[in-house]
Amino acid sequence: MKRTVFPNRWLPYALVAPQLAVTIAFFFWPAFDSLRLSLYRASPFGDRLIFIGLGNFQRLLSDPAYFRSVATSFIFSALVTVLGLAVALLLAALANAKIRGLAVYRTLLLWPYGIAPAIAGVIWLFVFHPSFGVLPYLLSFVTTYQFNWFLKGWVALVLIVVAAIWKQFGYNLAFYLAGLQAIPGSVLEAASVDGAGPIRRFFAITFPLLSPVTFFLFTLNMTFSFFETFGLVHAVTQGGPGDSTSILVFRAWKDGFEGLQLGYSAAQSVILMLLVVALTAAQFRFAEKRVTY
Amino acid sequence: MAATTRVAAAVATAEIAGRLATPRRDMSGAIAHVILIASVVVLAFPLYYAFVISTQTLDEVTSLPPKLVPSTNMLQNYADAWARAKMGRLLLNSAIVALAVAVGKIAISLLSAFAIVYFNFRGKQAVFWMIFITLMLPVPVRIVSTYQVVSVLGWVDTYWGLTVPLLASATGTFLFRQYYQTIPDALAEAAQLDGAGPLRFLWSFLLPLSKANIAALFVILFVYGWNDYLWPLIVTNSPEMRTAVIGIDSLIPRTSQLPEWNVAMAAAMMVLLPPVVVIVVMQRWFVKGLIETEK
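In the order they appear, the protein sequences are chains A and B.
Taken in order, the first sequence gives residues 1 to 293; the numbers are from my numbering.
Taken in order, the second sequence gives residues 1001 to 1295; the numbers are from my numbering.
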C-alpha cells in the first residue's frame, strides 16, 4: 500500500468513472441479464419472454448435441494446447544451445501470432482443399483415402486444430527457448556429473524448472482455443460437417443469433461462465501446488 | 601412490571429456540451427503458399500438381479483391476499431489504476473488485446479453457499438496498477513538495515513466481489436460497418462457386498484413505485453 496519497475527495471517483461505467454497462448488466434470460424462452412470434424456470437447462442437459459440443470443445482445446506445447517443448529442448542469432529466430517465430484465427483458417482451408490443396495432393500418392473435410468430421477437426496450432506454435517455441536459456548450465552439468542421462536430466531438472513457462503458455493456449477460435470455426467449417466442429462458443452463438433462441443461448452462456470460474479456480490450485518459481 | 594414480586418472578422464565435449558442443549448436530453421520454414510455408496463390490466374490455382512459385496475375487479383469486398472501407473500419480499442482501453485503465494506487476513497475496495472480476469472464461467454445492451443504447451498426463493449476488461488496469506500485513513494512526495497536483503528477511523471507499458499494451490491444471476429459479426448488419476479418468472408469460394482462391488469398494477405507488421516492428513491447497481460 502506498503511504503517499493525494488528498482529494472527488477526483478519484472521476478517475475511475469511465472504467466503472463501461464495466457496469457491458459486464455486470450482461452477466446478470444472461442469468435472468436463461430462465425464459421467447414466445413463438419472438415478441415477449415466457418464464420457464430451469427449462432451458433441463433441455440442454438432455440434449446429446450439447454434450457433443462439450466433448468437441475439450478435445479441440486439449489437442491444440497439449500437442502445441509438447512439440514446442521437445523442439526447444533439442535446440537448446548457446547459438548466435536467437533474436532473429524469435522474430521469425513470433509473427504468426498476429494473424487472425479466421484468416489462419482460410489459409489452411486451401492447404486442405480436397480438389486443389497441396496436402490432399501429396497424400494421394501415399493412400487412396479421401481426406475430404467437407465430408469427414475428423478431417475438419484436424484442419481447425492445425490452423490453431500454427498460429500459436511460434511463440510457444519462442517462450520455451527463452525459458531454457534462463536455466543455469551448471545445474545440468552437475546432474550430468552425477550420471544422469539426457532424458533423466530433462524430466528431473529442465521440465520442473520450466513449469512457470509451461503454466503461462498452458493458460494462454487454453483461453485461446476455448474462446478466440470462434472465427476459425465460423469462417472455415461453420461447425460442420454435421456438428463435428461445433465448439461451445459457436453453438451458443448459433442458437442465439441464427436460431434466435435467446434463453437457450443465455443458458449456454451461464454454463460457460461456471466452466470458466471452475477452470480458473482449478488453475490457481494447480499453480500453488506444482509450479516451482 | 594410489592417490597419484587416482589424480592422473581424473585428469585423463577430464582430458577425454574435454576433447569429446568440444565437438559435441559444436554439434548441439548445429542441431539447434537445423531445428530452428526447419521450424521457421514450416511456419512460413502456409503464408508463402497463400501469397503464391494470390499471384496466380484461376487456371493456375485449379491445376494439379499445385504450382508453388509466384506467377504474374498479382496486381489483377489484388485489384479484384479490393473492388469486390470494398477493401478500402473494411480496412478503414478495422483500423478505427483497433486504434479505438487500444487507445480507449489504455486511457481508461491509466486513470483508474492511478485512482486505485494514489488515492484513498470510500468504496475503493468495492471498485477494485468490480473492475478485477472482469478478468474472469471474456466477452464470448455473455454475447446475447451484451448485444441486448448495445441495442438498447441504439449502438448496433455503429463504431461505438464495435468498440466500447470491448473496453470492459481489467487487463490494462491490472498492468498499470502493478507498475505504479513499483514506483517509489518518494517520487510522489517530491512532486507534492514541488506543489504539483495529482493530475500534474500523472501527466508529467507517471505518463512518461509508463511509456514501455503503454507500448506493450498497445501492441496486444491493436492486434486483439483488429482480429476480433465474434463481436463485430454480432454487432454489425450493414456491409459498410463490417471489419476486414469478417468482411472478406464473401470472397471465400464455397463449394458451388467459381474457385477464385487467388482473389480470396489476395484479400487474406491484405487483412493479415497490418497486425503482423505491428508485431514485427514493435516486437520488444509485444513480448513484454504478452507476459504482463497474462500475469
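No lab work stands behind these hints, which were simulated from the structure alone.
Check before you lean on any hint, since a few could be wrong.
Unchecked claim - Beyond 12 Å from chain B on every Cβ pair, some chain A residues (computed):
{"id": "1", "residue": "Ser34"}
{"id": "2", "residue": "Pro64"}
{"id": "3", "residue": "Phe74"}
{"id": "4", "residue": "Ile123"}
{"id": "5", "residue": "Asp243"}
{"id": "6", "residue": "Arg285"}
Stated by the list, open to error - Subject to a maximum C-alpha distance of 30 Å in a straight line, what follows is the list of computed DSS-like cross-link-like pairs (lysine-lysine):
{"id": "7", "chain 1": "A", "residue 1": "Lys98", "chain 2": "B", "residue 2": "Lys1288"}
{"id": "8", "chain 1": "B", "residue 1": "Lys1211", "chain 2": "B", "residue 2": "Lys1124"}
{"id": "9", "chain 1": "B", "residue 1": "Lys1067", "chain 2": "A", "residue 2": "Lys152"}
{"id": "10", "chain 1": "B", "residue 1": "Lys1124", "chain 2": "B", "residue 2": "Lys1288"}
Each residue gets a CB set at the ideal place from its N, CA and C atoms; glycine is no exception.
Structure-based check of each hint:
For Ser34 (chain A), the requirement that its beta carbon stay farther than 12 Å from each beta carbon of chain B is not met, with the minimum near 5 Å. At roughly 23 Å from the closest C-beta of chain B, the C-beta of Pro64 (chain A) stays outside 12 Å, upholding its exclusion from the interface. Consistency note on Phe74 (chain A): stated as away from chain B, and its beta-carbon is indeed over 12 Å from all of that chain's, at 16 Å minimum. A cut-off of 12 Å between C-beta atoms contradicts the statement that Ile123 (chain A) is not in contact with chain B; the least separation is 5 Å.
Listed as a non-interface residue, Asp243 (chain A) keeps its Cβ farther than 12 Å from every Cβ of chain B; the least gap is roughly 18 Å. Remark: the non-interface label on Arg285 (chain A) is consistent with the geometry, its nearest Cβ contact in chain B lying 15 Å away (cut-off 12 Å). Under the criterion of a C-alpha separation no larger than 30 Å, the hint pairing Lys98 (chain A) with Lys1288 (chain B) is consistent with the structure, at around 23 Å. Using a Cα cut-off of 30 Å, the hinted pair Lys1211 (chain B) and Lys1124 (chain B) holds, with the two alpha carbons roughly 26 Å apart.
Note on Lys1067 (chain B) and Lys152 (chain A): the hinted pairing holds, with a Cα-Cα distance of about 26 Å set against a maximum of 30 Å. Proximity of Lys1124 (chain B) to Lys1288 (chain B) is assessed by CA-CA distance (about 29 Å); at most 30 Å being required, the pair is judged to hold.
Of the numbered hints given earlier, the model fails hints 1 and 4; all others are met.
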